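Protein chains in written order, with our numbering: chain A, 1 to 305; chain B, 1 to 305; chain C, 1 to 305; chain D, 1 to 305.
Because the hints were derived from the structure by calculation, they are not lab data.
Because the structure is a prediction, the values reported are computed rather than measured.
Treat the hints with caution; some may be incorrect.
If chains are identical, the list can't say which one is meant, so a pair holds when it fits in one copy or spans any two.
Straight-line Cα separation of at most 25 Å, SDA-like style, residue types lysine to any residue; simulated pairs [as the list claims (entries may be wrong)]: (1) Lys-226 x Glu-298; (2) Lys-20 x Glu-152; (3) Lys-294 x Tyr-79; (4) Lys-83 x Ala-160; (5) Lys-283 x Ala-92; (6) Lys-295 x Glu-10; (7) Lys-20 x Asn-94; (8) Lys-295 x Tyr-79; (9) Lys-295 x Thr-223; (10) Lys-56 x Asp-281; (11) Lys-18 x Phe-81; (12) Lys-20 x Val-102; (13) Lys-83 x Asp-281.
There are 4 protein chains.
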Amino acid sequence: MQILLNKILENCRRITEKGKVATYIPALGKADPNDLGICVADMNGDLFSAGDYEKKFTIQSISKTVTLMLAIMDNGIEYVFDKIGMEPTGDAFNSIIKLEIVSPSKPLNPMINAGAIAVTSMIKGKNSLEKFHRLLNFFRKISGNENLDINEEAYLSEKATGDRNRSMAYFMRDVGIFTGDVEDILDVYFRQCSIEVNCIDIAKIGLFLANDGRIPETGEIITSEKVSRIVKTFMVTCGMYNASGQFAINVGIPAKSGVGGGIMTSIPHKMGIGVYGPALDDKGNSIGGCEMLKKLSEELDFSIF
Amino acid sequence: MQILLNKILENCRRITEKGKVATYIPALGKADPNDLGICVADMNGDLFSAGDYEKKFTIQSISKTVTLMLAIMDNGIEYVFDKIGMEPTGDAFNSIIKLEIVSPSKPLNPMINAGAIAVTSMIKGKNSLEKFHRLLNFFRKISGNENLDINEEAYLSEKATGDRNRSMAYFMRDVGIFTGDVEDILDVYFRQCSIEVNCIDIAKIGLFLANDGRIPETGEIITSEKVSRIVKTFMVTCGMYNASGQFAINVGIPAKSGVGGGIMTSIPHKMGIGVYGPALDDKGNSIGGCEMLKKLSEELDFSIF
Amino acid sequence: MQILLNKILENCRRITEKGKVATYIPALGKADPNDLGICVADMNGDLFSAGDYEKKFTIQSISKTVTLMLAIMDNGIEYVFDKIGMEPTGDAFNSIIKLEIVSPSKPLNPMINAGAIAVTSMIKGKNSLEKFHRLLNFFRKISGNENLDINEEAYLSEKATGDRNRSMAYFMRDVGIFTGDVEDILDVYFRQCSIEVNCIDIAKIGLFLANDGRIPETGEIITSEKVSRIVKTFMVTCGMYNASGQFAINVGIPAKSGVGGGIMTSIPHKMGIGVYGPALDDKGNSIGGCEMLKKLSEELDFSIF
Amino acid sequence: MQILLNKILENCRRITEKGKVATYIPALGKADPNDLGICVADMNGDLFSAGDYEKKFTIQSISKTVTLMLAIMDNGIEYVFDKIGMEPTGDAFNSIIKLEIVSPSKPLNPMINAGAIAVTSMIKGKNSLEKFHRLLNFFRKISGNENLDINEEAYLSEKATGDRNRSMAYFMRDVGIFTGDVEDILDVYFRQCSIEVNCIDIAKIGLFLANDGRIPETGEIITSEKVSRIVKTFMVTCGMYNASGQFAINVGIPAKSGVGGGIMTSIPHKMGIGVYGPALDDKGNSIGGCEMLKKLSEELDFSIF
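Start from the sequences and build out the full structure, keeping to the hints where you can.
Structure follows, in structure tokens:
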């Protein structure tokens, strides 16, 4: 495995030149486009890594999977999916159109921004600070990394430039998808997106999902098999923005990417993989990360289909 | 297995009362809403059946999976997906909106009507008759049923009422997705939708897909593992109309439904299942069929996630 | 004229029963659905009135015409229409879809909410208070009513329930249609919508427009013929929500309605008419008001076409 | 007037270089982009012309106004507008989206292609040939030109390339906006678009509309004042594609343009104007024609607002 990872990383480093680092906030723009890292965490507790696997990056949209778990644990499956749909969408991640067209108004799924904000609004806590702390602790627990925390600069930038998300949030409050203070809800959302991780952290969260919601080392049951399956299903149908279908065909495993350059994958009952490469393709996915996962899947026949 | 099927069928018969038989063409409207049947075909060559598993019904949208295989075999993966997208969509199966909004114009995937018509246009043959015969022979081969043929009445009705499909087809020809005579292409499409099958037939096609494109009895390789995986991936991301996401979460296996009441499923390396129940839910899927598959998946832990 | 107005008012009173008072804020819901009033102000300085012409109501969307004038006077025609389109739209007054679909993003016209909010953002002033005071003074001047002021309860309700408008405003700030504090801009917008008027006030503003931007009594030139024509043109193409086309055909004169039940019309070089009837039809226009204007137009051959 | 026309034509000739001739069919592509002509027909029976006013061109979308008149005369106002809306739209002239989104499905107005095809379907006649002859005779009568006929080459090209129109027509038949053979209806539509006219012909049709539906020379009443007003209203709200609002503001008179380079205008109770200039702006309107009408309107204060 180690040799394979080294080889794949070497081969894929070149493709990063074809991608572009996200620049909508300065904290992202500073990333080195040539960075590329990977970490595989398997059920035996072994870790295999290569490249820039220890570089830190903001988790961004990958966080949507984790928040969804906690929201379901806090409210139950029925409550959550009464407010948010289960269907993939061909629209952009930040599209507001369907909120207006579909009746009754409902974000199509928890992986697009509108749905993810609605999910975040369901995290329990007496104020936004407590909500975020519960969420952060949950991230720490399932990644096994007590030191996870937010990148303050990224958080402030997200908050300063998050008008499209504000637009969605007010629209959703208008049609009754949630109540409460919009800025408070968005504050939790911007914070969750700004949590700093490295490849090891997301590989371990992927492994936790692969292990049906139990901490592999201890066997501790954090959430049910059902909940972890729901998350993995959304990762397949809508985890890779508008390249989810293509990724499912080319790689064939549950995966969630973030604009920070990370991709978290979870191969049921086998392993979790975290990759990082901030140079993105035109769909917003790590260009080097997708290539590594494709090659790895071909070598090791990962596809669940 | 036999006992389980009998029990599940018995329990699910009642729910058919909550569904409605499709009535847009008379041939569909005549179906008995209480019909319910299931057939499981496994890798050992065993068949288990219950209920109305020998009743014939028109294959309808289930045919989209088979045509896609032949179109890829005829033209190559690259050619097909240069014209048709790989992404799921939250729009209706007969929506024309995205053809206008998305640029360059491209049906989002081969499971919605627009995409399926474009796929059918790629089947090789010197005229529409030859195209359809090649297609029908392919259906016969992979189902192992030499007697498969179209329901003439259904075909003529589809042709007579297919104006929405005509609208899409002319739109696609206008934007260059295909060339050639529209009525000829639609003739093949209406014919493929009108092929009559029973639960056994579609269970066997599902098994063929589960077996990576090889005929289980003979081991004959009909198509590549890659092609059969592509089809199964589309079945997960967009096989059940706008309930694909929900079905993936509740049942967790590749499945394709048709408005005739059939659902074909394929559990990779395990089995194919064909169900029939013409009473449909509000998304257009067999209401009894979905329920049976959900219960069977819970009992036997089918989910691929 | 007086006899005609009395007769028409009497005949149209009955139709108010078919309409419904707006109820999205309590201040509107309290209106008496049977109220109906009209005032005609002509170029000779004569006023003719009938019914509940002295009842006060909030000006709501009628204010969009006046704010547009001041915004053009403050910034010039070119600046304003660089940010906001000139085209009518078949979408709802509060639709956000076109902001996402049209590229570059631009509200289609100043009469829909998105466009009107963008217009309000252009009113000059060092803070929202000064902006609103400049605007209020402009309303007072062209209506000749020094006592015009806002209905505090309506203003607070609008502010409390204005999430759809917030959603649009944040979207527009995101795509660069305006900068500045969104709540400050909306505060001016909610205030302008809450100005209390009666039929006489809006008849006089209509007359001012009919008189090409000059105060009829004094001849004082407030704005150019060009600006007043722009406003009257928008009143024809998009003044009556999604019944603008129908109204243009049936009545044929520039008119702008508000959800408070008022309709302001301006017959070029002839007269201004203000009507009030809080019972609305399904497009959001005063049902009794439209009927009165239709009958009056038929009697007096008002159509400009 | 003659001197003014000469001067304006001279000044506007240059701007034609900024436009482009339509090329979607060869018959249009052959036009000389520098051509520019104008004809004014007034109520006294006087004609003033300048430039290439005798050059023939296909009437294209201008025909929609005339067909609408005959359709209303054949079926009554109520019947026509039960099937077709009265509202302007911000969508493209060939957009199909609203047909799908709006419920019940209805083309927004008779000036967009979908609505115009529906209008054509209402022309009475026992077959498409008779329908077109009735229509052609109507064109001849109101233009006073017995020799009007179609450009055969343009007609055949329109028919050969009319797939977008076919797409709309099948969609409309699917949702019940009309019945009957789609190709027959489109044949009439393609023919009406291919009628060859010059500036004099459309100036005279414009004058006929300005004269409330009566032939000026003879006083013969062809249609009612109501019908002619309906047409003029649509010309203002949606006669100039997606520049209708802008044209209403800049020129302020009823006008209908065609992709062949013609613009027909009608100034109520004053005159009809026909202009021709095949170089189009990016909205599909004659760039030189618009400029001439703007300048003429400024000089003679045409605006109806």
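query: If you check each hint against the structure, which ones fail?
result: none
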